[in-house]
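Novice: Residue numbers (the numbering used here), protein chains in the order written: chain A, 1 to 494; chain B, 1 to 494.
Be aware that one or more of the hints could be misleading.
One copy or two, it doesn't matter: identical chains are merged, so the pair holds either way.
[Said to hold, decoys possible] Under the rule of at most 30 Å between Cα atoms (straight-line distance), these lysine-lysine pairs were calculated in the BS3-like manner: (1) 339 x 313; (2) 368 x 396; (3) 313 x 368; (4) 339 x 396.
Worth flagging that the hints you see were computed from the coordinates, not collected in a lab.
Keep in mind that this is a model prediction, so the values were computed, not measured.
Chain by chain, the residues run as shown.
2 protein chains.
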Amino acid sequence: VYAQVLYDFAAEPGNNELSIREGETITITNQNIGGGWIEAKNSRGEVGLVPEDYIEVSNVFDNNASGGFSNNWAAQPEGTETGKTSSNAWPSGGHGHPQAYQGPGNNSNKPMVLITISFLYDVDVYTVYTVFQSGEVGPVWAYPDYQLDCVVADPKKGSKLYGLKSYIEYQVTPTTTNKPVNHRYKHFDWLYERLLEKFGSAIPIPCLPDKQVAGRFEDEFIKMRMERLQGWMTRMCRHPVISSSEVFQLFLSYKDEKDWKMGKRKAEKDETVGVMVFSTIEPEGLPDLDLIEVEQKCDQFNRFTRAMDDGVKDLLTIGNEHWKRCTGPLPKEYQRIGKAFQNLSSVFTSSGYEGEAALTDALTAAGKTYEEIAQMVAEQPKKDLHFLMETNNEYKGLLGCFPDTVGVHKAAIEKVKEADKLVAAGKITPSDKTTMSKRASTMSYSLQAEMNHFHSNRIYDYNRVMQQYLEQQVKFYEMIADKLRHAHSQFTTM
Amino acid sequence: VYAQVLYDFAAEPGNNELSIREGETITITNQNIGGGWIEAKNSRGEVGLVPEDYIEVSNVFDNNASGGFSNNWAAQPEGTETGKTSSNAWPSGGHGHPQAYQGPGNNSNKPMVLITISFLYDVDVYTVYTVFQSGEVGPVWAYPDYQLDCVVADPKKGSKLYGLKSYIEYQVTPTTTNKPVNHRYKHFDWLYERLLEKFGSAIPIPCLPDKQVAGRFEDEFIKMRMERLQGWMTRMCRHPVISSSEVFQLFLSYKDEKDWKMGKRKAEKDETVGVMVFSTIEPEGLPDLDLIEVEQKCDQFNRFTRAMDDGVKDLLTIGNEHWKRCTGPLPKEYQRIGKAFQNLSSVFTSSGYEGEAALTDALTAAGKTYEEIAQMVAEQPKKDLHFLMETNNEYKGLLGCFPDTVGVHKAAIEKVKEADKLVAAGKITPSDKTTMSKRASTMSYSLQAEMNHFHSNRIYDYNRVMQQYLEQQVKFYEMIADKLRHAHSQFTTM
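The following block holds chain A by itself, in its conformation from the complex (with noise of 0.2 Å):
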């Protein structure tokens, strides 16, 4: 039996495990191993375990499964590209994006619906995602009452196959029913690919942390992997699409192994994907746009991602070089003259003088209190910077991908453009072409949505870790103050 590989595996060393590579194909040799693992041989002939969700057996998956209705829902325009396990006709662009969030809160100028979706997983009802006009700001998604959250916590590791296989398991606790559910880094992974493909022309999804480093059961690598899969579920639970989706709910809250399998096998057969998301979108009460409008729309926020990408990139990289300035020269040299302190009271200790002890004394702390400082200073940027950068980091990432999501709008304006060519050569009627303009606008009010999401997001993102980061550095230079003090006190000139 042959598999092909979907994604990149890199085996942990003394781990039993066989590295492998996207689009490669392999034999599987064993497949009774369980836990989630296969055994498999490469084409050199090297055998080991590779996780079962990273390969696929020939004929298991069908990615054309549902392809007949998106061609219905608005005609292909050619030589576009097309989503990789969507095959419907629209540009969908969305590989490996990251997305925006929390909604304009509680606003009170802006209409507040709870749209109408089951917070159940396993209740089968085709969903409408509503967007409204607000006053202030113009299109918005409708924005649950209830906000949801989520904790991820609790990493531990876990093994199977009697201790050959080891694991990391993280505990997931939704604020909905505080049960919590044990997840995987292999099912983070499973989700972000199931929301890429179903809503990935309308919402950028932003990408997971890294896929593979080495060492991945070092404690600091799990920490921040645990902080940074914590990141990007609080972005998931804000945003009102995501957050209600039937995939969402099952990932949150399933009840067990088997309701989770069964959610899984579902959600992979889900046919509302790629731009047929869009059919689920409704602009309840909002007039069609013209063509000129959607365009303008698409080219203002296009200059905004463009330009605050410059502008995050260019604060990470100062933001790095002072991480670096921080953690070596700056604390060395902190240590350096605390060190020269003591060593100039050392001196004066041989001085065979008498009455010199209050002085060598003083000397002597106040080269500690310079050792400290310097400790202090290389241990900052964590407390810090380091959330600064992180949440510049995710909003690079964000950035990164709203080009693609813009696109998808673009090539869907390009396509009604030609619609009276098509039209005058037979190939739509003006029927199609008038449910192709209708189309264009519904997706233009659903990128607004999707811009309000994302500003009001940022405001809320850059002002909750300037806080966080100007908090700190203010309790920093306040304790270098109070141990300067403190050293201070010790000298006396009578």
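Got chain A; can you put chain B on it based on the hints?
Specialist: Below, chain B alone, put in the same frame as chain A:
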């Protein structure tokens, strides 16, 4: 008329001056210029003004005037260096030295006796400097009850020769008379030369601040020179032997020009110079030391000054690097952080999203705060590190001349060791030998008093400079914390 150049003098460009070098012979072309200037011609035929104190007109000085007496006081060791302006037999080694300062202060364990000298410069008494035994620290100078001090201030640009010549005059006000006198740098230099000549064998006389740098009329330079002249004068005032000397009193409190000129002439003819100064030192009630003890004291002090010299130089190197970082890369980085925040703020302003103003204002303010911090960081070294560096620089100079001073004593010890041979050879009498031993003992007491003077001043100076440094450091970090606290208060997450 020919003249010998005593010191280098660099002409101020466009000021009608002539550059001259030590050792050069020049021709006086006009001795009646006045204002301390003489017109002269060098060997290349160039004519210009030179300061009269920088040259020695032939047949005016007689370096050997005090030669006779010194040979009676102690036998001249062969092959030892002879002081330039002191023809006596002992190695003076006194070129370009710093010194040590204020005595053990109001320490009640130590006899405090006002030494019997006149505080009026024009009374010609044979001054005796007394060394006492302090129970705590050993031999100490007798310190006056009243601590002399002075203020060097108010540098004024003066001119002579109807504006042809410019110079800077400093106001020197002693705390005794509270009556200011004016002195130009060249007068300080004259005082330095007299003190070096008279006391250099017993007391390390610290160098004056650098004689000449480019742009000597620039405000920055004048301020720095004044500060250093103040430091030098404070050290001289604190020294019980120096401060009570006639020449020093003349400098601080001459009545008028005539008085000053007469006093100068008298000081230049003083015969109690070089090792002759030891004849004016009286170890009161102290037993003669044996040679071994004298040698041990010398060696101990040598070791200490060498170790402290290393420590001080180390601190200076580190301080210099820290200075560079604080005025170069560090503020540049804070400035870039500030600019990055402000840049992000202006990108956000361009979003077109309503309700952005609070965040963008706060971000701009935070950015400006970091720019202010950048400036504070760059200006801080002048407020704290500067004084730490200046003090250590002074001590570096001071420590650098101790080996020479100790050398004078070592040479005397060697001579006494040879005395038996000289007696056997009939070159000196047994009574001469006894006198030599007694005088070596006096020199040792004098050195020990000087060491103790150095130590007590060192303890005072380092306590003071560390207090000052740490106080400014505390203020600096507190001010940063204040600024950041204010910046923090402008962000809001509801």
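Novice: It remains to establish, for every hint, whether it holds in the given structure.
Specialist: Tested hints:
1. 339 x 313: Cα proximity of residue 339 and residue 313: across copies only (13 Å, versus 38 Å in one copy).
2. 368 x 396: between (41 Å within a copy, 24 Å between copies)
3. 313 x 368: For residue 313 and residue 368, the Cα distance is within 30 Å only across copies (20 Å; inside one copy 38 Å).
4. 339 x 396: between (42 Å within a copy, 19 Å between copies)
Checked against the numbered hints listed earlier, the structure breaks none of them; every hint is satisfied.
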